[in-house]
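*Asks:* Each chain, written out:
2 protein chains.
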Amino acid sequence: MFFPESLKMNNKLPDIKTDFAAWYQEVVYQAELADQSPVRGCMVIRPYGWEIWENIKTVLDKRIKETGHQNAAFPLLIPESFLKKEAKHVEGFSPELAVVTHAGGNKLEEPLVVRPTSETIIHYMFAQWIRSWRDLPMKINQWCSVVRWEMRTRPFLRTTEFFWQEGHTAHETQEEALEEVKMMLDEYVKLAQNYLAIPVITGRKSESEKFAGADSTYTLEGIMQDGKALQMGTSHCISQTFAKAFNMAFQDREGKNSYPYLTSWGITTRLIGATVMTHGDEKGLVLPPKIAPFQVVIIPIILKDKKEEVLRKAQEIKEQLIKCGVRVHLDNDEHKTPGAKFYQWELKGVPLRIEIGPRDLQNGQVTLVDRLGILKQALTFDSLCDTVVISLEKLQHEMFSRAKLRLNQMLHKKAKLNDFAKELEGNSGAYQTGWCQSSECEAQLKQYKATIRCLLNEKTFEECFYCHKKNIVDIIVAKAY
Amino acid sequence: MFFPESLKMNNKLPDIKTDFAAWYQEVVYQAELADQSPVRGCMVIRPYGWEIWENIKTVLDKRIKETGHQNAAFPLLIPESFLKKEAKHVEGFSPELAVVTHAGGNKLEEPLVVRPTSETIIHYMFAQWIRSWRDLPMKINQWCSVVRWEMRTRPFLRTTEFFWQEGHTAHETQEEALEEVKMMLDEYVKLAQNYLAIPVITGRKSESEKFAGADSTYTLEGIMQDGKALQMGTSHCISQTFAKAFNMAFQDREGKNSYPYLTSWGITTRLIGATVMTHGDEKGLVLPPKIAPFQVVIIPIILKDKKEEVLRKAQEIKEQLIKCGVRVHLDNDEHKTPGAKFYQWELKGVPLRIEIGPRDLQNGQVTLVDRLGILKQALTFDSLCDTVVISLEKLQHEMFSRAKLRLNQMLHKKAKLNDFAKELEGNSGAYQTGWCQSSECEAQLKQYKATIRCLLNEKTFEECFYCHKKNIVDIIVAKAY
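First to last, the protein sequences are chains A and B.
Under our numbering, residues 12 to 492 are what the first sequence spells out, in order.
Under our numbering, residues 12 to 492 are what the second sequence spells out, in order.
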């Protein structure tokens, strides 16, 4: 286990209430989720952060496979001309591209772009593989990193290189494609709510906010502690212009030439940032048990007295918990005081802490403390596993409940822009309102640096928030990351 | 499950005995391990190939973690100047670099290279993290892809982009670093022999063949069916010039400034190529059960009679086998004949095939056939799981035994170059001989397009294979991929 000495020199965290942005950045670095890299806009994801990503990946990858998709790997470098085959796609991505112009000591005849997303190269391959309706549906997923040249970056939330999975599918009918898009959105919602303990709002994106080259984009949005929205994943019906641009014709059931209906969907390492911003507190991270690298940390209270026995028992407890399927770390570093360890592991957001000292040994018990501060209890050795497993479940639920409560408090229904314009300036949350679907009314939100986060599947207002014409669809408005 | 129609139009495989290279290429494409991509030198790894990689990754990742390493992620793009910090490193890699010169619509002040390997960026970060001997050892691993601009490429064996893991560690002492290098070499040997069923030869590389920037490189080499050697993984003691170039000074136990001893080690998607070339036959792939995507394929023999019952029983058997931890595929595609399915799944190298038809149903049994052609037996339903599990183990062992036998037949001891020069021209295997360690004698092998694959840890010859001076160390000579 590697925890650099430099950690000992931590500064106090900035105040989460008054300077959320600084708190976020510091907690990401101090808890060793990530570090700054010497490459502009890129971060290094450190082991503690990467393990969270691996846990997220394990959960989602299982579901991706269970829902009939297969993983594959496509080239990192894409011919520049591929991106130009679909007009809106190139318009959306060309300002963000990193371009390889030289390789093997020579100038390339055609530049290659580092993939910003893989629709183009995957659709090119789909065209090779799809000949008949019997080849459909084709359901492929890829775990990789992509590069988008961002001007302002923040660890996990917006980085030049980021990690994600990108699903790409092709279907016989539009209905089936839409079903796929909604199914994967639903999988993302389950991941967010049941594993990351982050409640989300779902809906369609407005025309101006959808993916470059999509017919429609569905999104899940979380509301962070500072009241800003965070897009946590998207699922797209891809325009048939892609299928045509890449010559993806196939012979349909009637023997005629048809083009498949395409989808793509993805979640990124941004989910780690979402978890930090949803659950963190003044002491640092608070990690949901289901994705925490360590669910339990054992801290032996080592005095001169009975040192060997305490360490032996601590080791025994560790092994016992591993057998029960608990991810556990025993911190037996003798160079650190228990106090320093408490501080460090609270900063790192470990859900449960077990303390064991000479007196506990004598009493045949340990002390169990949780990161939310809701329980501190003495446990006998024989009840340990059961209690730990149940406590982890309780914590997971409690974290979701708290986050859900806050989301509800932060989500306001307001009929008119005037009713929430001032509040928007103060960053106080998200607003459900009505919209006539005109881009003119949408543009009014710019002055508040707010956007339509999504179109809901309901209509509770009579009028548009700005022009007061008839409401067509309820929307969520918020500032966003 | 996706098996394109195009598969139906397979051509016969080239003859494995007379045209191994063509056979290899065709079997990779026809068995859908990989496909050609529109990007020069890059391939698409298709689901069937990627699943083999995922299985390899699962096995090795577990061992990497159990031996005390942690996964992390470092930037894909590296400042060009970083590669220049270590003279031999840049000399080795600069002809192969892909260079990003433009990004976000502007020319970059400093070009970025797409990582060919990550020593430089990881060492830069090590320098930030290592302050004291208490931060050591530092043991990091990364799963990713790297890009090296290769002139001649072959799927899996040599591609411009390839997938790998790269371990990077830092230690207080040289002894500890060497121990690490040998431990990881040993892990690779276990992976190759116990999982891929490929016997290997291990040893040190000669000066001319070692990694650009290493003090010493250890390798594992397999001998393929055509008699050529394939480097299957390497483990390096990295030169301390790296530690100095990247300012990695730390305070040692005596309070003095010291530089850590570094290692790196990696295996790549090349192992998939090694598996194909070691075990394949005239019918196609033969996959070792431990890494096969499907260990068993069930093929229902569907006649008009009792179709429903046969399909129901086939599904039942599938579920039964899944419960026993077997990876199984039920091929119930009604558009294909059983014969076409036999052909396809033999091509794809599935270790065991279960056939079940109306008559089997009546007799309360199925027919079990293995890919090596050593058994064809009737099995009663109740003995199914046990027999399948045992058969898979037997096949795994049998594959290793056969490969080991062939390796022994292909490995010849010869005292003088003249004794094996002619044979080298004919590609007939590997030669153990003596060497004085002079580069002049090593250079003599060039005319036969052969190289020293490794230096062994033994000395059975008196003289050097060329100059007849005193033998210092036995070597393995072969042509190589």
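Treat the hints with caution; some may be incorrect.
Unchecked claim - Some but not every residue of chain A turned toward chain B, in silico, with C-beta under 7 Å: (1) D26; (2) I27; (3) F31; (4) P58; (5) W61; (6) T78; (7) Q81; (8) N82; (9) A83; (10) A84; (11) V110; (12) G116.
The hints are simulated quantities; they were obtained by calculation from the structure and are not laboratory data.
By construction, the Cβ of each residue, glycine as well, lies at the ideal position given by its N, Cα and C atoms.
*Asks:* Work down the list of hints and note, for each, if the structure agrees.
*Replies:* We went through each hint and held it up to the structure:
The beta carbon of A:D26 comes no nearer than 27 Å to any beta carbon in chain B, farther than 7 Å, and the hint placing it at the interface is violated. With its C-beta approaching chain B no nearer than about 26 Å, A:I27 sits outside the 7 Å limit, and its interface hint is violated. The closest approach between the C-beta of A:F31 and any C-beta of chain B is roughly 26 Å, which is over the 7 Å cut-off, so the hint fails. Against a cut-off of 7 Å between C-beta atoms, the interface hint on A:P58 holds, since the closest Cβ of chain B lies about 4 Å away.
Because the smallest distance between the Cβ of A:W61 and any Cβ of chain B comes to about 5 Å, under 7 Å, the interface hint for this residue holds. The restraint placing A:T78 at the interface with chain B is violated, with a minimum CB-CB distance near 13 Å, outside the 7 Å limit. With a cut of 7 Å, the hint placing A:Q81 at the interface with chain B holds, because the nearest CB-to-CB distance is about 4 Å. Satisfaction of the interface hint for A:N82 is found here, the shortest Cβ-Cβ separation to chain B being roughly 5 Å, below the 7 Å cut-off.
Given the 7 Å rule on beta carbons, the hint for A:A83 holds: about 5 Å separates it from the nearest Cβ of chain B. A distance limit of 7 Å between C-beta atoms decides the matter here; for A:A84 the minimum to chain B is near 4 Å, and the interface restraint holds. At about 4 Å, the closest approach between the beta carbon of A:V110 and any beta carbon in chain B falls short of 7 Å, and the interface hint on this residue holds. Against a cut-off of 7 Å between C-beta atoms, the interface hint on A:G116 holds, since the closest Cβ of chain B lies about 6 Å away.
Violation of the numbered hints given earlier is confined to hints 1, 2, 3 and 6; the remaining hints are satisfied by the structure.
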